[in-house]
Amino acid sequence: MAIEPRRVAGPFARMRMSASWRSDRSELWRYIGWRLIQLAIVLIGVSVVVFFTMHVLPGDVAMLLLGDRGTAEQLAKLRLQLGLDQPIIVQYLRFVVAAAHGDFGTSLTSNRAAFADVSGAFPVTLQLTLAALTLATFIGVPTGVFASLKPGRIFDNVAMTFTLFGVSMPIFWLGLMLLLLFGATLDWLPIGGLYGVGIEPPRVTGMSLIDAALAGSPSIFWDALRHLILPACTLATVPLAFIARITRAEMMATATQDHVRTARAKGLPRARVILRHVLRNALIPIVTVIGLQLGLLLSGAVLTETIFSLPGLGRLMVDSILSRDYPVVQAGALFIAFVFVLVNLLVDLSYTLLDPRIRRA
Amino acid sequence: MTQALLEVENLKVTFPTEEGPITAVDDLSFRVGSGETLVIVGESGSGKSVTSLAVMGLIAPPGRVAAKAIRLADEDGGARDLSRLSEAEMRRVRGAEIAMIFQEPMTSLNPVYTIGEQIIEAIRFHEAMSRRAARARAEEMLKLLGIPEPRRRLDAYPHQLSGGMRQRAMIGMALSCRPSLLIADEPTTALDVTVQAQILELIRGLQKDFGMAVIFITHNLGVAAEIADRIMVMYAGQAVETGSARAIFRGTRLPYTIGLMRSVPRLGLDRDSGPLPAIPGNVPDLRRLPNGCRFHPRCAWFEPGLCDAELPPLEACGDGHLVRCLRWRKVHA
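Line by line, the protein sequences give chains C and A. Residues 0 to 360 in numbering that gives the first Met the number 0 are what the first sequence spells out, letter by letter. Residues 0 to 332 in numbering that gives the first Met the number 0 are what the second sequence spells out, letter by letter.
Since the hints were derived computationally from the structure, they do not count as laboratory data. One should not assume that every hint holds.
Using C-beta positions, here's what the derived DEER-type ranges look like [claimed, not checked]: (1) C:D257 x A:D154: 46 to 56 Å; (2) C:D102 x A:E116: 48 to 58 Å; (3) A:Q2 x C:T351: 51 to 61 Å; (4) A:P60 x C:R225: 39 to 49 Å; (5) A:R131 x C:L274: 52 to 62 Å; (6) A:E148 x C:W33: 49 to 59 Å; (7) A:R79 x C:R225: 41 to 51 Å; (8) C:W221 x A:P60: 20 to 30 Å.
A virtual CB, placed ideally from N, CA and C, is assigned to each residue, including glycine.
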């Protein structure tokens with residue numbers, strides 16, 4: 000058709016634009032739906048692995064429970080009670096059905112609901128993780144940005160040397176050294192736990208800072224904060240180093256892109272170019288690293304929690320595995336998988352906010 | 000010749016490398032009259048883009064710019080030497096008095112901001128203006144550039160527009176502060192031919208409307224013929240021929256320019272006349288420049304003992320036409 004091009008362009012272009020806008024939206028929801036299905040598949044997979052590994056491990060759960068004193072009769076009764084006499088597939092299906100209702104059985108050590116143990120330990124880990132990651136982000140990103148501005152100069156060299164130590168330092172060693180220095184020698188900070196002896200605000204969220212704040216006493220809050228400083232610093236080391244290094248690398252890669260030259264050609268001041276046109280565009284990989292660290296740390300900062308005697312998820316899992324407390328292990332593993340996949344989903348969704356070009360996987 | 004808007008004297012740009020510094024632009028002098036279009040023609044690596052970035056003050060360290068003067072005329076008749084301005088003063092010039100557009104419209108716009116945000120950002124940095132007024136100005140610019148539904152397009156992201164539309168948006172951004180000089184670095188190279196023609200037409204029209212001078216960088220002689228008032232041919236970091244478009248297209252005296260013109264494919268070119276002629280050899284490595292004339296190893300008019308002995312000066316060969324060739328009197332297209 001030989002029609003004047005400009006007259007065709009108007010309505011056609013509008014149609015195309017609005018169509019793509021609408022399909023962007025529905026595509027996003029379809030994507031979220033698909034990811035939730037994936038989440039379910041992951042949970043099923045994890046449940047299979049956790050359930051069967053716990054059951055192929057040597058040792059009889061009923062015998063473990065009763066100890067040496069159990070008679071054959073008592074053993075048989077307990078097996079019947081726990082359903083251990085059933086075929087393993089039936090046991091698994093029972094487990095899945097119960098788990099779907101939030102029932103993972105009773106902890107073999109604490110005699111409370113296994114899931115209650117897990118959900119009770121989680122806020123401790125959550126608070127520690129958020130504190131550590133906030134610290135790591137707010138120090139790591141600016142460090143990376145400044146290092147990238149003058150690569151090879153003194154600040155860059157010092158920062159990169161320290162972050163190299165950061166990523167390669169054994170965390171238990173660092174934790175112990177901090178403990179020794181600030182806790183024992185200098186006696187500035189408490190050496191472990193959530194609160195000082197005899198101080199404990201009523202439990203509301205399970206996060207010590209928030210519970211202390213809710214209790215309305217500045218001295219309790221201060222106490223909780225002091226208990227958080229060393230573990231948060233210890234846990235922040237590795238993510239901080241990662242974040243600083245990835246920020247530097249991404250800043251340097253983005254700075255050479257054509258659109259940065261355009262921004263400079265517009266006459267924008269250097270600081271604005273760096274923040275709005277370089278850092279803003281470098282954010283995606285940085286957010287990815289932060290998100291990955293979030294997922295990892297949430298699944299339990301075992302070493303840090305152990306060194307600083309924090310009743311978090313990581314320590315609970317290790318203790319439960321060692322004492323063969325399989326209901327808690329199962330509940331914990333599924334919970335961790337759930338959190339991990341969910342965090343990754345949130346990170347992926349944040350891409351759509353950060354980069355208008357990304358609307359699907 | 001019209002009054003000079005930009006005068007560049009003895010510009011030299013060097014970049015350090017592991018094998019010692021290389022000189023990307025060597026002792027280059029040129030001028031652009033106000034309202035005039037100067038086309039800089041040359042192959043890749045001839046120093047055209049580096050020249051434009053040096054004028055903008057955008058050569059990043061470790062690159063070094065030295066110039067006797069880069070004078071830009073003010074509105075009130077005075078002139079400032081851009082090479083002596085501080086970075087803060089230079090920022091006021093960039094985007095406001097000299098604007099620049101680039102070759103690749105896809106990557107030259109920031110993908111994470113809308114077209115509108117990017118245009119408004121430029122306007123508001125240079126002119127005290129409310130967001131709303133800046134937005135109105137941006138919309139007006141897009142309309143002027145023949146972008147349908149400009150208001151809506153302000154909210155589009157670069158990836159939602161075609162290459163031609165993106166380049167229009169880019170031009171809109173560059174012209175939004177009414178610069179007196181536009182530097183266009185191969186703005187049509189990445190576009191297909193019909194869009195290329197539209198963009199050239201657009202730049203020409205806007206140039207007339209705004210009374211602005213244009214430095215247009217291209218390796219395409221066809222494009223140069225479309226748009227040039229004057230042409231400067233660059234080779235290996237130097238100007239090798241300067242003159243009016245007419246003088247160069249009708250009576251070039253430079254073997255290199257003749258080679259370039261012969262290698263442009265033309266409609267109706269006889270199939271029996273064999274393959275399209277090309278200039279033999281490659282652009283010299285700036286670290287290992289030949290002695291004498293830098294083009295002599297590829298030149299059909301090469302005279303041993305003369306051309307490889309000393310670097311030829313730019314010589315006048317009539318009416319503002321300069322050539323860098325010792326044998327220009329004997330050279331004919």
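Evaluation of the provided hints:
Separated by about 23 Å at the C-beta atoms, D257 (chain C) and D154 (chain A) break the suggested range of 46 to 56 Å. Between D102 (chain C) and E116 (chain A) the beta carbons are some 52 Å apart, a value that agrees with the proposed interval 48 to 58 Å. Our hint of 51 to 61 Å for Q2 (chain A) and T351 (chain C) holds, since their Cβ atoms are close to 53 Å apart. Our hint of 39 to 49 Å for P60 (chain A) and R225 (chain C) holds, since their Cβ atoms are close to 47 Å apart.
At about 24 Å, the CB distance of R131 (chain A) to L274 (chain C) disagrees with the hint of 52 to 62 Å. Between E148 (chain A) and W33 (chain C) the C-beta distance comes to about 34 Å, which lies outside the given range of 49 to 59 Å. Between R79 (chain A) and R225 (chain C) the beta carbons are some 60 Å apart, a value that contradicts the proposed interval 41 to 51 Å. Separation of W221 (chain C) from P60 (chain A) is about 49 Å and departs from the stated range, judged on CB atoms against 20 to 30 Å.
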